[in-house]
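Novice: Position chain B relative to chain A; hints supplied.
Listed below, chain by chain, are the residues.
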Amino acid sequence: MSINATLIGQMITFTLLVWFTMKYVWPPIIAALEERKTKISEGLAAAEKGQEEIKLAEKKAKGLLKEAKEQSAEIVSAAQKRANQLVEESKDQAKKEGERLLEAAKAQIEQEMLQAKESLRKEVSSLALRAAEQILKEEIDKAKHQDILSKAADQLG
Amino acid sequence: MSTEGGATGYIVHHLTPLSVGEGFWTLHLDTLFFSAFLGGLFILFFKTVAERATSGVPGLAQNIAETLVEFVDTQVKDSFHGRSPLIAPLSLTIFCWVFMWNAMDMLPVDLLPMIGSLMGMEYMRVVPSTDLNGTFALSISVFFLIFFYSIKVKGLLGFAKEMTCTPFGPKMMPFNLLLKTVEELAKPISLGLRLFGNLYAGELVFILIALLPPVVQPLLGFPWAVFHILVITLQAFIFMVLTIVYLSLAHEDH
Numbered sequence: 057m058s059i060n061a062t063l064i065g066q067m068i069t070f071t072l073l074v075w076f077t078m079k080y081v082w083p084p085i086i087a088a089l090e091e092r093k094t095k096i097s098e099g100l101a102a103a104e105k106g107q108e109e110i111k112l113a114e115k116k117a118k119g120l121l122k123e124a125k126e127q128s129a130e131i132v133s134a135a136q137k138r139a140n141q142l143v144e145e146s147k148d149q150a151k152k153e154g155e156r157l158l159e160a161a162k163a164q165i166e167q168e169m170l171q172a173k174e175s176l177r178k179e180v181s182s183l184a185l186r187a188a189e190q191i192l193k194e195e196i197d198k199a200k201h202q203d204i205l206s207k208a209a210d211q212l213g
Numbered sequence: 075m076s077t078e079g080g081a082t083g084y085i086v087h088h089l090t091p092l093s094v095g096e097g098f099w100t101l102h103l104d105t106l107f108f109s110a111f112l113g114g115l116f117i118l119f120f121k122t123v124a125e126r127a128t129s130g131v132p133g134l135a136q137n138i139a140e141t142l143v144e145f146v147d148t149q150v151k152d153s154f155h156g157r158s159p160l161i162a163p164l165s166l167t168i169f170c171w172v173f174m175w176n177a178m179d180m181l182p183v184d185l186l187p188m189i190g191s192l193m194g195m196e197y198m199r200v201v202p203s204t205d206l207n208g209t210f211a212l213s214i215s216v217f218f219l220i221f222f223y224s225i226k227v228k229g230l231l232g233f234a235k236e237m238t239c240t241p242f243g244p245k246m247m248p249f250n251l252l253l254k255t256v257e258e259l260a261k262p263i264s265l266g267l268r269l270f271g272n273l274y275a276g277e278l279v280f281i282l283i284a285l286l287p288p289v290v291q292p293l294l295g296f297p298w299a300v301f302h303i304l305v306i307t308l309q310a311f312i313f314m315v316l317t318i319v320y321l322s323l324a325h326e327d328h
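Protein sequences, first through last, are from chains A and B.
My numbering puts the first residue of the first sequence at 57, with every later residue one more than the last.
My numbering puts the first residue of the second sequence at 75, with every later residue one more than the last.
Treat the hints with caution; some may be incorrect.
Unchecked claim - Under the rule of at most 25 angstroms between Cα atoms (straight-line distance), these lysine to any residue pairs were calculated in the SDA-like manner:
1) 95/A / 140/B
2) 79/A / 299/B
3) 105/A / 156/B
4) 151/B / 91/A
5) 79/A / 295/B
6) 93/A / 153/B
7) 79/A / 111/B
8) 151/B / 87/A
9) 261/B / 78/A
10) 79/A / 281/B
11) 151/B / 97/A
12) 79/A / 156/B
13) 226/B / 72/A
14) 261/B / 72/A
FYI, nobody ran anything at the bench for these hints, they're computed from the structure.
Only chain A is shown next, with the shape it has when bound in the complex:
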C-alpha cells in the first residue's frame, strides 16, 4: 500500500478522460436531449392546437347546420305558403272561369232565345198572314188592304 508514480499515471488518464467527455461526449448527447425535449413540447403544442381547431370546426359546423336547418324550414314554410296561395289563386280562377262560362252560356241562351223568338215571331206572322190570306183570299183585295196587313204584321212583330 504505497503511494507512488501510479498516482501520476492515473491522474493523467483521468484528465484525458474528463477532457474527452467534456469535449466530445457531453455536448452532443445533451444537445440531442434538448432537441428531443423541444420536439416533444412542439408536438404537444401542435396536438393541443389541432384539438382546439377541431373544436372550433365543430362549433362552426354546428352553426352551419343550424343555419341550414333554419333556412330549410324557412324554404318549406315559404313553399307551403306559396302552394296555399296557388291553390287559392287557382280556386279563384276556376270560380271566375266558371262564372265567365256561365255568363257566356247565359248570354248565348239569351241570344238564342231572342233568335228563336224572332224566328218564331216571323213564322207566326207569316203563318197568320198566310192564314189571313187564305181566309181573306176571296174577299180581301190584297192591294186594297195592304195597309191593314202590314200594320197587323208590324203589331205581331
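Specialist: Positioned in the frame of chain A, the structure of chain B alone reads:
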C-alpha cells in the same frame, strides 16, 4: 489457487500489485492497465452514442447513455447552481469510471490473475479502486479543481480571506488557517480513502470466501456479490455527489 504460504500467502498474493520500478517511481501496471482499459470502454461507448445521437427515437445504447447523462445532470443541477461546462462531464466520467472500476470486483477473484499467470504475470490486482493510487488520483484531481475554482471565483484575495478569517474572524487568524487547511485536506483524503476502504474490504471478503471449501463458497459468495452490486453503485454515486458538492462549495462566494 496458489498454495505457497497457505491462506495468508494466498491473500497477500492477491493484494500485491504487478509493479515495475523502485521506490516512488514504482508503477502498478495492473491498476494503470485496467483503469485505462475501462476508461477506453467508457469512451468507446459514449463516443459511439454521442456520434449517433439523434433527437428521434433512441436505440438501446442511446437510451442507456441518456439515462446516465440525465441522472448525472439532475444531480449536478440539484446541488450546483452556477454554470460550468466542466462539472457535469466530470461527474459523468467519475461516476461511470469508478462504477466500472468497482464492477471489476464482481469478476471471480481468481479468473484474471489465473489468465495473467498463464501469460507469465506473477501478480495481478484487477480492481483499480483497491489501489490507493487509483482512488487518490481521482480525489487529488478533484482537490486541485476545488483549489482552482475557489481562486477563480473568489479571487486570490477572497480565497486567502476565506482561509484565514473564517470561521472565527480575523483575530484568530492562525487558528483559522489551521482549521481551514485541515478541512480542505480532509476532503480529498476522505474521498479517496472511503472508496478505497469499501472496495478493498469487499475484495478481501471475496478472497476470504474463495479460501473456503467449494461447497460453502456459493452460500456466502452469492449474498456478498448481491450486496456488492449495491456497494459498487453506491460508492461510485457517493464519489460523484461529493465531488459536485465540493465544487459547488468552491463556487460559493460568502
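Novice: Are the Cα positions of residue 95/A and residue 140/B separated by 25 angstroms at most?
Specialist: 16 angstroms, holds
Novice: Checking one constraint from the list: CA of residue 151/B to CA of residue 87/A, max 25 angstroms. Satisfied?
Specialist: 16 angstroms, holds
Novice: Checking one constraint from the list: CA of residue 79/A to CA of residue 281/B, max 25 angstroms. Satisfied?
Specialist: Not OK: residue 79/A and residue 281/B at ~40 angstroms, beyond 25 angstroms, violated.
Novice: With the threshold set at 25 angstroms, check whether the alpha-carbon distance from residue 226/B to residue 72/A stays at or below it.
Specialist: 22 angstroms, holds
Novice: Check whether the Cα positions of residue 261/B and residue 72/A lie no farther apart than 25 angstroms.
Specialist: Holds, at about 23 angstroms.
Novice: Can you confirm whether the C-alpha distance between residue 261/B and residue 78/A stays at or below 25 angstroms?
Specialist: Holds - the C-alpha atoms of residue 78/A and residue 261/B are around 24 angstroms apart, at most 25 angstroms.
Novice: Residue 79/A and residue 156/B were given as a pair; does the straight-line alpha-carbon distance stay at or below 25 angstroms?
Specialist: Holds, because 19 angstroms separates the two Cα atoms, which is no more than 25 angstroms.
Novice: Is the hinted pair residue 79/A and residue 295/B satisfied, with a Cα-Cα distance of at most 25 angstroms?
Specialist: Violated - the C-alpha atoms of residue 295/B and residue 79/A are around 41 angstroms apart, more than 25 angstroms.
Novice: Keeping to a limit of 25 angstroms between CA atoms, is the pair of residue 79/A and residue 299/B held or broken?
Specialist: 36 angstroms, violated
Novice: So if I understand the rule, the pair passes when the alpha-carbon distance is 25 angstroms or less; does residue 151/B with residue 91/A pass?
Specialist: 19 angstroms, holds
Novice: Has the given pair, residue 151/B with residue 97/A, been kept, meaning a C-alpha gap of at most 25 angstroms?
Specialist: 21 angstroms, holds
Novice: Keeping to a limit of 25 angstroms between CA atoms, is the pair of residue 93/A and residue 153/B held or broken?
Specialist: The given pair, whose Cα atoms are some 23 angstroms apart, holds under the 25 angstroms limit.
The earlier numbered hints that this structure contradicts are 2, 3, 5 and 10.
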